Amino acid sequence: MKRYSAFAVAREAARFHTGWERAWRNPAPKSRYDVIIIGAGGHGLATAYYLGKNFGIKNVAIIEKGWLGGGNTGRNTTIIRSNYLQDPSAALYEKSRSLFETMSQDLNYNVMFSPRGVIMLAQTQHEVRGYQRTAHANALQGVKTEFINPQRVKELVPIINLDGPRYPVLGGLWQARGGSARHDAVAWGYARACSDMGMDVIQQCEVTAVRRDGGKVVGVSTTKGDIDCDKLGIVVAGNSGHVAGMAGFRLPIESVALQALVSEPIKPCMDVVVMANTVHGYMSQSDKGEMVIGGGTDGYNNYTQRGSFHHIEETVRALVETFPMVSRLKMLRQWGGIVDITGDRSPILSKTPVENVFINCGWGTGGFKATPGSGWAMAELMAKGHGPLTDAFGMERFREGRFIDESVAAGVAH
Amino acid sequence: MLILTCPMCGVTAEETEFHGGGEAHLKRFGPGSSEDEFEGYLFMRENPKGVHFERWRHANGCGKWFHAARCTTTLEVFGTYAAQTYEPPAEIKAVISDKRPGWRWREHS
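If you're matching them up, the sequences are chains A and B in order.
Just so you know, we're using this note's numbering here: the first sequence kicks off at 1 and counts up by one.
Just so you know, we're using this note's numbering here: the second sequence kicks off at 1 and counts up by one.
Accuracy of the hints is not assured; some may be wrong.
Footprint (simulated), chain B over chain A, 3 or more residues, beta carbon under 8 Å [to be verified]: (1) 222 to 229; (2) 251 to 265; (3) 359 to 367.
Straight-line C-alpha distance at most 25 Å; calculated BS3-like pairs for lysine-lysine [unchecked claim]: (4) A:Lys58 x A:Lys330; (5) A:Lys65 x A:Lys95; (6) A:Lys65 x B:Lys27; (7) A:Lys351 x B:Lys49; (8) A:Lys224 x B:Lys99.
Honestly, the hints are just simulated from the structure, not real lab data.
The structure displayed is predicted, hence computed values, not measured ones.
For glycine and all other residues, C-beta sits at the position ideal for the given N, C-alpha and C.
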C-alpha cells in the first residue's frame, strides 16, 4: 500500500494523478478463513482491523451484502461523545473516543476527527438533575465533562434561543473533546488498512445461511458460495435478529428506523454539536456548511430505511424553537437507518449459544461514536474469549438482571 | 406512513392516531416458571424481517388495544383484529398466505 502524505500528493500532481492505486482490493472469496466477519460497516471493519493489529489474526474476510459502509455507518449524524452514566459504558465509549484522537495517524487516512465539543441541553428540571448526576459519574470515571449554565451555553452557541416557548435551556452537559468525524472515511480507512494486512473485504455477498456442525460453527453460505471459518463474528446492526435467526438463536433486540436529514449548505454558524434530548433533535454543521439533523425513531419494528414523516415534523419543530434562524433553511436530503435496540439501551458484545459465533449488536441509536472502541473490544472478545471492555456486555445480562441501564440516563437520543 | 383500521371502532387513520405496543401474542409467565421462560417472555423478541404480529392502541381515538398483522419490510398491513385472542385468526392468516406464500411467524404459518 502506498502511503498517503503531502509528498504523495505532490508526486501524483506532477504526473497528473495517474499513479493513485485503489484503496482496497476487491477479491473473490477464498474457500476458508480463520475468521469471517459478517457486515462491512464501521464496527465490522474495525473488528477485523484490531484482530489483525492487536492479535495478529490476518486470515480474515469481511462479508457485506451491500456496499462498504452503506448501512448505518453512512446514515448516522457522526456525533462522537463518551458522557455515559454507567461505568461499563463510560469505559467502552471513552476508549472509543480516545481512539478517534489518533485514528487518522493510525490508519494513514484522514477521518476528519473534529473534537469541537458536544453539548447535551438540559431543558427540564429532571434533565438538569440527570446531567449533573452524569457529570459527577464522569468525574469518577475519568471522562472529562462538566455541567454548564445557560450563559455558557449561549457563549458556545450564539444562535441558540435560551428562552424557547416550550422548553427553556436550563443548562447543559458539555464534553469539550467530543465532536464529530467523517463517517464514510472511518469505514474507508479501516477497509484500506484491513486490505493492506491481506484481509478480504467482499462486497455484494449476502450471507444466506450459517452452517453448523453440532453446536459449533463451520462456515457460512453466501450468494458467492460456501465459505468455511473457525470463528464467525456477526456485526450487522439492524439485521442482527435476522442473521441470529440463521445461526439458530434469538436476541433481545428490536429493529426500528431512525431518521436524519441535512440542510442546504450555509456559512459557518455553529461550531459545536448540540443535542436536545427532551425535544428529540440534535444538530451540527458539517465542513461543507450543511446543518446535519438527527431525529427520533419510529414506534414500531421495521426494516424500511425510510422512517415516518411525522418524526421529521417533530424534530424540525423543536429545532426551530431552539434555533430560530434555521426556520428559513431548505432541507436537501432525508434518510433512515435500521437501528437495533436492546431493553437497556446498551450494546451486546457477546459469545452466543453457538460455539465460536460472536455477536456485536444492540448499539441502537448511537453506534457511530463507538466504532473504534467496539472493534477493539470485539477483536479481544473473538481472540481471547473475554475482555475487560466486553465482560459486562454479554447477552446473558438480561437473563441475570445485570442491566447496563442507559435508557434512563440518556432519555431517547444517543 | 402506516394507515391502520381500528377493529374496535372502525376508524381508519394514519399512524399518529395510534401507538405501537410491541410484539403480540406473548405468553405471560409468572411465579414458578423457569429462567428460560422468563427470559423469553421478558426480553426475547421475534423481530422478523417480513410478516409480524403486533399490539397497537388507538391512543388518540377510542383508546382500545387491538392487534395488527403487518410486513416489516414493506409496511403493508395485512389486517387488524380484536385483542381478545391467543393467536392470529384464520382469516388473517389466509390473507397473509395469499400475499406471502410460505410465511412463518413462531409456530404459525
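How the hints compare with the structure:
Given a C-beta distance limit of less than 8 Å, the hint that chain B covers the stretch 222 to 229 of chain A is violated, as 0 residues qualify and 3 are needed. Given a C-beta distance limit of less than 8 Å, the hint that chain B covers the stretch 251 to 265 of chain A holds, as 5 residues qualify and 3 suffice. Restraint check on the stretch 359 to 367 of chain A versus chain B: 0 residues with Cβ-Cβ distances below 8 Å, three needed, restraint violated. Pair hint lysine 58 of chain A plus lysine 330 of chain A does not hold up; C-alpha atoms about 47 Å apart against a cutoff of 25 Å.
A C-alpha spacing of about 29 Å is found between lysine 65 of chain A and lysine 95 of chain A, which places the hinted pair above 25 Å, so the restraint is violated. Taking the CA atoms of lysine 65 of chain A and lysine 27 of chain B, the gap is about 35 Å. The hint is violated against a cut of 25 Å. Distance hint between lysine 351 of chain A and lysine 49 of chain B is fulfilled; the C-alpha atoms sit about 23 Å from each other, no more than 25 Å. Proximity of lysine 224 of chain A to lysine 99 of chain B is assessed by CA-CA distance (about 29 Å); at most 25 Å being required, the pair is judged violated.
Going down the numbered hints, you'll see the structure goes against 1, 3, 4, 5, 6 and 8, while the others check out.
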